[in-house]
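All chains, full assembly: derive it from the sequences and hints.
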Amino acid sequence: MRQLGRRRSGDPRRAFVGVMEGRVLVEGSATGRALVLKEPLSFWGGVDPATGEIVETGHPQRGEVVTGRILILPSGRGSSSSSTVLVEAIRTGTAPAGIVLGEPDDIIVIGALVAAELYSATVPVVVASPAGYAAIRDGEQISLVP
Amino acid sequence: MTLELDSGDRAVLDGQRGEGAALAMRLVVKMAEVARAPRLRDVTRAHIDSCLYHGRAGLDFAERLLTGGAAVSVPATLNVSSLDLLHPELVRLDEETRDRAKRLMDAYVAMGCHPTWTCAPYQLTDRPAFGEHIAWAESNAIVFANSVLGARTNRYGDFIDICAAITGRVPESGLHTDDGRRATLVLRLEGLSEELLDADVLYPVLGHLLGRHAGSEVAAIEGLPANTSEDRLKALGAAAASSGSVALFHAIGVTPEAPTPAAAGAEEAREMVVTLADLRAARGELSRVPDGAEIGAVSVGTPHASEAQLRHLVDLVREERPRVPFYVNTGRAQLAALDSVADDLADAGVTVVTDTCTYITPVMHGITGPVMTDSGKWAWYAPSNLGFEVALGSLQECVSSAAAGRVIRDERLWV
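Protein sequences appear in the order of chains A and B.
Anchor point for the first sequence: position 52 equals 52 in our numbering, and the numbering is continuous, going up by one each time.
Anchor point for the second sequence: position 111 equals 111 in our numbering, and the numbering is continuous, going up by one each time.
If you are wondering where the hints come from, they were derived from the structure by calculation, not from laboratory data.
Incorrect hints may appear among the rest.
As the list claims (entries may be wrong) - So these bits of chain B aren't anywhere near chain A, every CB distance computed over 12 Å:
| id | residue |
| --- | --- |
| 1 | L27 |
| 2 | D49 |
| 3 | A129 |
| 4 | N154 |
| 5 | R182 |
| 6 | L192 |
| 7 | S243 |
| 8 | E285 |
| 9 | A333 |
| 10 | G387 |
| 11 | V415 |
Said to hold, decoys possible - The following residues of chain A were derived to be distant from chain B, with all beta-carbon distances above 10 Å:
| id | residue |
| --- | --- |
| 12 | V19 |
| 13 | T31 |
| 14 | R33 |
| 15 | K38 |
| 16 | P40 |
| 17 | S42 |
| 18 | P49 |
| 19 | P60 |
| 20 | Q61 |
| 21 | S79 |
| 22 | G93 |
| 23 | I107 |
| 24 | G139 |
As the list claims (entries may be wrong) - Covered, in the sense of this in silico footprint (three residues per stretch, anywhere, with C-beta under 8 Å from a C-beta of chain B), are these stretches of chain A:
| id | region |
| --- | --- |
| 25 | 83 to 91 |
| 26 | 108 to 118 |
| 27 | 129 to 138 |
No experiment lies behind these values; they were computed from the predicted model shown.
Glycine is no exception: its CB is placed at the ideal position from the N, C-alpha and C atoms.
Shown next, in the form of structure tokens:
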């Protein structure tokens, strides 16, 4: 396990809150506000790569925009086309800044790796420890550091 | 654990089979590191989902491989695409998207893949044997191959599918290993009527519930009839791989790796009881249109209808002719195998869609009102993709509803 995240409070006066560790699946640095998903998400059929908006019917966070956020999700789900939708979102600039997973997800990882090969741009992907995952609060600033 | 590559793997990585193959091997190796696999292993065949057009990125990747001289080294079948090459007039895409989608399809054929254009490669004549290690993409095909055929594939997604086909290699991990195939969750069906267990419509609903609870775990289902058909297991798996990430389920006494609970590893798994009330709730999540409501269309055949399902549909629409637009998705191989079915369906006013599917490309147009389907997978994706409200029923209920123009279902099954 390597250090991957510094969790910061949304309040700029209390910048540094804590450090947690996890496993880096795709390397990179990113900073952004956490978007903690209450349910797994399939990028394909679940995120519009043109806008970054969550469009999955019945998803509790339908209408939220993933662009520039640190997306915190328990796992992926559903379609194996999600890899392509993630790369397309990275290509068009609507992707999350980084992704923190509760468990490894190959379909998300391969998308991030292919974006690095094709466009030299990617989103870091990490798996948080259970305690670390549970501690992340929606809306707070998070940095992923390699 | 460090990954051990053999000399062949290293030669490909070093570019001895060209830049395209080296890129493919680089990605396979990275995925092996992520999976903490000790080594790579051979696969005998692949099924490729990357041929479905979702934007420039997929085309950029395929053309990078092709420019780099990549070709498949094992037999590879192709999933549905965005176009219906047999009925091109059905798909309403702008010309630019259509051209790019076709270029993407051509790129995969140029790499040596077979133009099967189906999401149900397990319905082709040559299908994987028990214990065969394969690299399949397409979530419903993955769960069918593992669960019903007893072949072994991880949940491969776009990109890694073609990389596996080019290199013939995958990480030795997950569902390729005995440990990865043991059930960690048991769903025990309790108190369900014989009628419900023998109703087609149970299976997509049970699959939806399985996906919700299992996530990416391997589950074993106790209580399904020993003679549960492949088409029902197909519907169950497709729904489970939509609402969840299910890549393998065991049905005790039904599927090949689960003659007994012990064989499936289910004895140490946590258990969940599934009752009629749970299934009614799951059905309510997929099917939000009340009985009697007017419908605008029907779409069946997701995953692609089997030959048995096509024959059944012909018999049904001969009895009750649809009054609303009625679509069936199937593979070109199924259609070719059945002499008069295409004509019989056309005569009854049914639109046959091949090579693609109604929920991934614009085929259904001018539809007002909810759409009825027999597919849990279609019911899951269509509201987001197409904006339709959905009613779920059996194939027979879909035909009766299409003839009446409103939702007709046998509610006695659910009380």
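Hints and how they fare:
For L27 of chain B, the non-interface assignment is contradicted: its Cβ lies about 6 Å from the closest Cβ of chain A, within the 12 Å cut-off. D49 of chain B, annotated as away from the interface, has a beta carbon of chain A within 12 Å; the closest lies near 5 Å. Against the 12 Å criterion, A129 of chain B stays outside the reach of chain A, whose nearest CB is about 23 Å from its own CB. A cut-off of 12 Å between C-beta atoms contradicts the statement that N154 of chain B is not in contact with chain A; the least separation is 7 Å.
Its beta-carbon lying about 17 Å from the closest one in chain A, R182 of chain B satisfies the requirement of being farther than 12 Å from that chain. With 12 Å as the threshold on Cβ separation, the claim that L192 of chain B sits away from chain A holds: the shortest Cβ distance comes to roughly 25 Å. With a minimum CB-CB distance of about 7 Å to chain A, S243 of chain B fails to clear the 12 Å threshold, and the non-interface call is violated. The claim that E285 of chain B lies off the interface is violated: its Cβ sits roughly 7 Å from the closest Cβ of chain A, which falls inside the 12 Å cut-off.
In this structure A333 of chain B is separated from chain A by more than 12 Å, as the shortest Cβ-Cβ distance comes to about 21 Å. Not every CB of chain A is more than 12 Å from the CB of G387 of chain B (nearest about 9 Å), against its label as outside the interface. At the 12 Å boundary, the C-beta of V415 of chain B stays outside the reach of chain A, the nearest C-beta of that chain being 25 Å off. With a least beta-carbon separation of about 23 Å from chain B, V19 of chain A lies farther than 10 Å from that chain, consistent with its non-interface assignment.
Interface exclusion of T31 of chain A from chain B stands, the closest Cβ pair being 23 Å apart, more than 10 Å. Against chain B, the non-interface label of R33 of chain A holds: every CB pair exceeds 10 Å, the least being about 25 Å. Against chain B, the non-interface label of K38 of chain A holds: every CB pair exceeds 10 Å, the least being about 14 Å. In this structure P40 of chain A is not separated from chain B by more than 10 Å, as the shortest Cβ-Cβ distance comes to only about 7 Å.
Its closest Cβ contact with chain B, about 8 Å, brings S42 of chain A to no more than 10 Å, contrary to its assignment away from the interface. Not every beta carbon of chain B lies more than 10 Å from that of P49 of chain A, the smallest distance being close to 6 Å; the non-interface claim is violated. Chain B leaves P60 of chain A outside its interface by the beta-carbon criterion, the shortest separation being 13 Å against a cut-off of 10 Å. Once the 10 Å rule is applied to beta carbons, Q61 of chain A is consistent with being away from chain B; the minimum gap is 13 Å.
A Cβ of chain B approaches the Cβ of S79 of chain A within 10 Å, the least distance being about 6 Å, so the stated non-interface status is violated. Distance to chain B confirms G93 of chain A as a non-interface residue, since its nearest Cβ pair spans about 12 Å, more than 10 Å. Taking the minimum C-beta to C-beta distance to chain B, about 4 Å, the non-interface status of I107 of chain A is violated against the 10 Å cut. For G139 of chain A, the shortest C-beta to C-beta distance to chain B comes to about 25 Å, beyond the 10 Å cut-off, and the non-interface label holds.
With a cut-off of 8 Å between beta carbons, the region 83 to 91 of chain A has 7 residues touching chain B; three or more are needed, and the interface restraint holds. Residues of the region 108 to 118 of chain A lying with their CB closer than 8 Å to a CB of chain B number 8, which satisfies the three-residue condition for coverage. Only residues whose beta carbon comes within less than 8 Å of a beta carbon in chain B count, and the region 129 to 138 of chain A has 0; fewer than three means the coverage is violated.
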